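Participant: Read off the chains here:
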Amino acid sequence: MHNFDFKKPSSVTELTAMMTSYGRDARLLAGGTDLIVGMRSGNLRPAVVIDAKKIPTMVEIQLEKDGLTLGAATSCRRIWENRQVADIYPALIDSASLIGGTSIQGRASIGGNLCNASPSADSVPTLIVMRAVATIVSSRGTRTLPVQDFCLGPRKNVLADDELLLQLHFPPPPKHSGGAFNRFIPRNEMDIAVVNAAAEVELDSSHTRFVDVRIAIGAIAPTPLFVSEAGNAIKNKPVNRKTIDHAGDVAMACAKPISDLRGTADQRRDLTRIMTIRALEMAVRRAGGTVTDD
Amino acid sequence: MNRIWIPAHLQHFTNGSERVEISGSNIRQVIRALDNKYPGLGEQLREGDMLTPGMTVAINGSVDHLGLYATLDEDSEIHFIPAIEGG
Amino acid sequence: MKHAEGQVDFKVIGTTPERPDGIEKVTGRARFADDIHLPRMLFGKILRSPHAHAIIKDIDTSKARALPGVHGVLTGGDFPQLESTVIPHGGASTIDIRDLAENCIARDKTLYDGHAVAAAVADNYHIAEQALELIEVDYEILEPVLEIEDALKDDAPVLHETFSPGRFILQTEKSHSNAGSFKLKLGDADRAFQNADHVLEENFQTRCLHQGYIEPHSVTVEWSHNDIMSVWTSTQGHFAIREQLAFILGHPLNKVKVTPMEIGGGFGGKDQVYIEPIAAMFAKKTGRPVKIAMSRADMLRGTGPSPGANIRVKLAAKKDGTLLGADLTLAYEAGAYPGGPVTSAALQATARYNIPDQQILGHDVLLNKPKMKQYRAPGGLPVNFAMESMLDILARKLELDPLELRLTNAMVTGDRMITGIPCQKIGGKELLKAVQTHPHFTSPLTGRNPGRGLAYAMWFGAGMTSSAVLTANPDGSVKLSVGTPDLSGTRMTLAMQAAETLGIPVSSISVSIPDTDSIAFSFMAVGSRTTHSTGLAVYDAAQQLLRQMTERAALYWDVDETDVTFSDGVFNHQKDSTLTLTFTEMAHLLEKLGGPITVQSSVTPKSNGAQLTAHLVDIDVDTETGKIEIQRYTAFQDVGKAIHPDYVSGQMQGGVAQGVGWALSEAYQYDEAGHLLNTTLLDYRMPTSLDLPDIETVILETPNPNHPFGVRGVGESSIMPPAGALANALYDAVGIRMTALPMTPGAVLEKLKKKQRGS
Amino acid sequence: MTDYTTRITTVINGQEETFFCEPRESLLEILRDRLQLTGTKEGCNDGNCGACTVILDGVSVNSCCVLGVEAENASIETIEGLADGDSLHPLQQAFIRETALQCGYCTPGLIMAAKDLLAHEPLPSNERIRLWLANNLCRCTGYTRIIKAVAQAAKELHQKP
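Protein sequences, first through last, are from chains A, B, C and D. Heads up, the first sequence stops at 294 in the working numbering, and the numbers go up one at a time, no gaps. Heads up, the second sequence stops at 1087 in the working numbering, and the numbers go up one at a time, no gaps. Heads up, the third sequence stops at 2759 in the working numbering, and the numbers go up one at a time, no gaps. Heads up, the fourth sequence stops at 3161 in the working numbering, and the numbers go up one at a time, no gaps.
Quick caveat, the hints were computed from the structure, so don't treat them as lab data. Careful, some of the hints might be misleading.
Stated by the list, open to error - What follows is a set of in silico ranges between Cβ atoms, one per label pair, in the way DEER data are often shown:
id, chain 1, residue 1, chain 2, residue 2, range
1, A, N43, D, E3016, 32 to 40 Å
2, A, E60, D, A3074, 41 to 49 Å
3, C, D2560, B, E1047, 37 to 45 Å
4, C, K2153, B, H1012, 26 to 34 Å
5, D, R3034, C, L2677, 56 to 64 Å
6, A, R155, C, R2448, 56 to 64 Å
7, C, D2401, A, D204, 27 to 35 Å
8, A, D266, C, L2677, 50 to 58 Å
9, C, Q2081, D, E3016, 53 to 61 Å
10, C, G2287, A, N43, 31 to 39 Å
What the hints assert, rightly or not - With a straight-line cut-off of 27 Å between C-alpha atoms, the simulated BS3-like cross-links for lysine-lysine are:
id, chain 1, residue 1, chain 2, residue 2
11, A, K256, C, K2319
12, C, K2429, C, K2319
13, A, K256, C, K2755
14, A, K256, C, K2754
Computed from a predicted structure; not experimentally measured. Don't be surprised by glycine CBs; every beta carbon is placed ideally from N, CA and C.
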């Protein structure tokens, strides 16, 4: 591996100042599970590596009335170990407990997963359907952005050279709602998703009709895709097999997958439908609904 | 007596016989005796101080890598296992 | 002397003592190859070709040499230019020493993606890696050959203008510009096909894959002033490494000392040099110890793998299912150099069934992939998958129970195999009946799309030379040294055989595996041979030890030697019952009677007896994704005699796990230019703990008449049946017949969709 | 050339350790090459095999994916610190007793991962053990005996006063 300077700022101000002075020569270290591997393979060669984990804001989990705020460097494991978060945001736990295996989750962060901007990132579809908002800071100031607009392409995100992702904020889930994430991998663990899907549903008070549906799919486009068409297509429709299948069909029609070593475009199209349906089924169950056959 | 299995492509030397009986206490002796009985066969099985390239010998069911120098207990079953002709 | 036939009262054999290496391994103290740290040690790294087939026009290493911290750079030209010379490789096979040397570091041409072209040695690995980035190689890229069918074409690009055809057990002859071939024949296959009620024919395909040991290759070499080369490495055969190093570097055998470290898995992949000659050359040139360790990508690109194969099977059968004839063509990848395991595949392809008329044509096919290596039952799985699928196809066509069909055709002792050689003593029908009467066989299937599959396999492991040294110490302890590295617990299984013979507890024996200077020549730990063949050497040494101790007892008692006998651990006088000495008591007297006794034995058995295995698997299929979920798995194996039943069962479970990986998820993926795409354990998918169920094992014991305790080889055969069993279960579940491996979810889904469209 | 060397103080298996390293050196390299704690193994160097698993501040991690410089003031547990003198940890005993190892190369990583599991979930189901250990590849055993060993050690630890 090439050599580099290692910095450990203890405040956001110190961190943003470093980002301003080093810009694209610097890389932020959160869990390191992508960065260190990338540097070792020679794909990433930052002159400066900045460890963000000593800054309290970067690793805090704050659950308040207005929702959940996660420091961008918070490890997946700290998220899934948090019972309160698990109760309120089960889809987030689905993602946090599926990225890599246990010893990856001890380090890997949701923020890092998002910044890495991989089309198959296991947290991003979940963040999108949960309406997560990214807080982006630099010494120039702070801005916020819905996560669905964060990724621009494979390994490309909206951050300017002096900017960094500070926090992710999740609004409280609406009543009668439920979220779920699932993925398809060839093995049962330790794989990159061939296709992954997250769904959040809001049902009416009788739990028999969809009020709002958000669906996002990974690994079928250059970025994790928010397929509003699929969600919109079943708004106000009854909660049954036919409706959910229809959402699956619409999602499949939106998929623009490629073939690579992890799967063919055809397989990904089929899986888009199946993973959408399965995410919706689980989300409905978590919202207190039942998928009836008629 | 040793029982020798003749490879299919060499059975014209033995008038079509798949098996012949020959005495000898090592493979070298067996090949010499075979050649006496079926002139020309020996040449197919050995080349100088080694088995013909491409030929393997099995004695009582096991391939023996001593080849020409493998010893026998006078009541052995011997198989010559050939590779195919080149080309 | 004890014989397995009728023997029931073993004292040590059949028990399950705790392994001698256990504490070292669970505390992290066990020394593996990479755990060596020598003073002033330097670290080497290898530059690998990014092209599958290219001429090396020029290499400029000047910038790399100039980097501070770099102590040397090597290219192929720095090694002795060798003539093509075929040398015996342990005895079971031969190897062209020039091929072997050029596989370690290319001279004029790179033959696969990952072929070593240069190396750098530096103060640490990071600097060595930076040096590699500064080496400039000018390549002329040639068209690669990546598929068997392309390599066999007349106009295919040629890898080698001339080559020494491979020999792995059987010899091949050059038949194509990129292949050597051989033919096996029993009776007249044409006759069988003419007389048959049913003729079936199908093609099968499997892909190249890696042995997947978790421990990377690592070697440390020190070169002394008097030209002694000391080598610490991870290997299945330190004598093989010694020979190969000596030949490649033109160094006398008695000046190469190889110490085998604890080995973190081998499975057939660790008996050949890769980085050893390079580390040795650096050690010689720098005068300092040099360590080279491979990265996982180095290993996937540059070591192993095991070949993919194209297989055609044609079977002739009677209405009642009796097999009359078989005609197989096996084309296996050899990779960049000849000598892949297609011959061992052919010898075992039809063995286990009695087929009077059969022929097999085999091709050892050169193409631009790494030199193929053995992998647990070398070549066995692909052809077993093909044959066991065919038996299932036949059973379904004739509406026969697949197990009954196998019973009808099962080979029994004395039936002739394809070589014409009669089968040694086996218990095949007994094994199949054990499957039939096991609760698993009749248990109800559960799940959405469940299915059950069966496959049956037979394998002959290797015999070859093994050596053992036994010392009886005056304190009653016994030292055992053997020349075969311990891959899985053989120190214990060998100590148990010594203890059984000597009538002492196994805890009295300590076992080590000395370096090549300190024990007589031993062939590698391969071919399921260690417990069997090294066991024979241990048994023979123990008998010698007892003879000498009997002499000493006679001396001590002042009686005639012929009156002293040894049984159940006690020396007795046949006529005077007051004269008895236990082994330990006798050992205590040794100092007075001439000192400790050391005996040595080297034996060379011809084979280690047939291993028979049958596997039964239940699956559930997710028809929406194509994913196969294994629900229950039972492995049955006839092991002759289980010395340590837990280790035997562990071997069976390990074989199943590897076979399942081969069947469902593991394969090298190449792009069109011949670049290996899956060079990490993320994308090279070996089974995780979530991909396998608890694997049940059933051990049967039909003693091997050629071993005093009845031992047969154990380790290899269990890798073979999983693919066939899973493919048959898949057909049972959803009615699709997979003829290619791996049966990934994508491939299964595609076939399911085809079936739906068809109906 | 720039000298990147940094001085790091950390606690390893209860003992304070100070070492010098470059930022590019992983915790795995530090343990093995600088501190000669070679019980922790390298299998893939990219977080996909688990052979290098150690417990960092109470959480099992792949030490190949941690920089040595990140270990400043951290508490690290490795396989070398598990036994209490000659008295093996119940997990170590169970791995030997149940033949949960063959070559033994993946064993230290598996045991450390399992220790982390049992510290947080004293009596996990077999399914839970399988999920937790899915990060740790073993090529020899087929896992059956490993799962059994961990389950048995859990029981034993749970029954201890």
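Participant: Now tell me, hint by hint, if it's right for this structure.
Facilitator: Now the hints, each set against the structure:
no.	hint	in the structure
1	A:N43 - D:E3016: 32 to 40 Å	holds (36 Å)
2	A:E60 - D:A3074: 41 to 49 Å	violated (19 Å)
3	C:D2560 - B:E1047: 37 to 45 Å	violated (55 Å)
4	C:K2153 - B:H1012: 26 to 34 Å	holds (33 Å)
5	D:R3034 - C:L2677: 56 to 64 Å	violated (35 Å)
6	A:R155 - C:R2448: 56 to 64 Å	violated (39 Å)
7	C:D2401 - A:D204: 27 to 35 Å	violated (55 Å)
8	A:D266 - C:L2677: 50 to 58 Å	violated (19 Å)
9	C:Q2081 - D:E3016: 53 to 61 Å	holds (56 Å)
10	C:G2287 - A:N43: 31 to 39 Å	holds (37 Å)
11	A:K256 - C:K2319	violated (52 Å)
12	C:K2429 - C:K2319	holds (21 Å)
13	A:K256 - C:K2755	holds (25 Å)
14	A:K256 - C:K2754	holds (22 Å)
Violated hints for the displayed structure, listed by number in ascending order: 2, 3, 5, 6, 7, 8 and 11.
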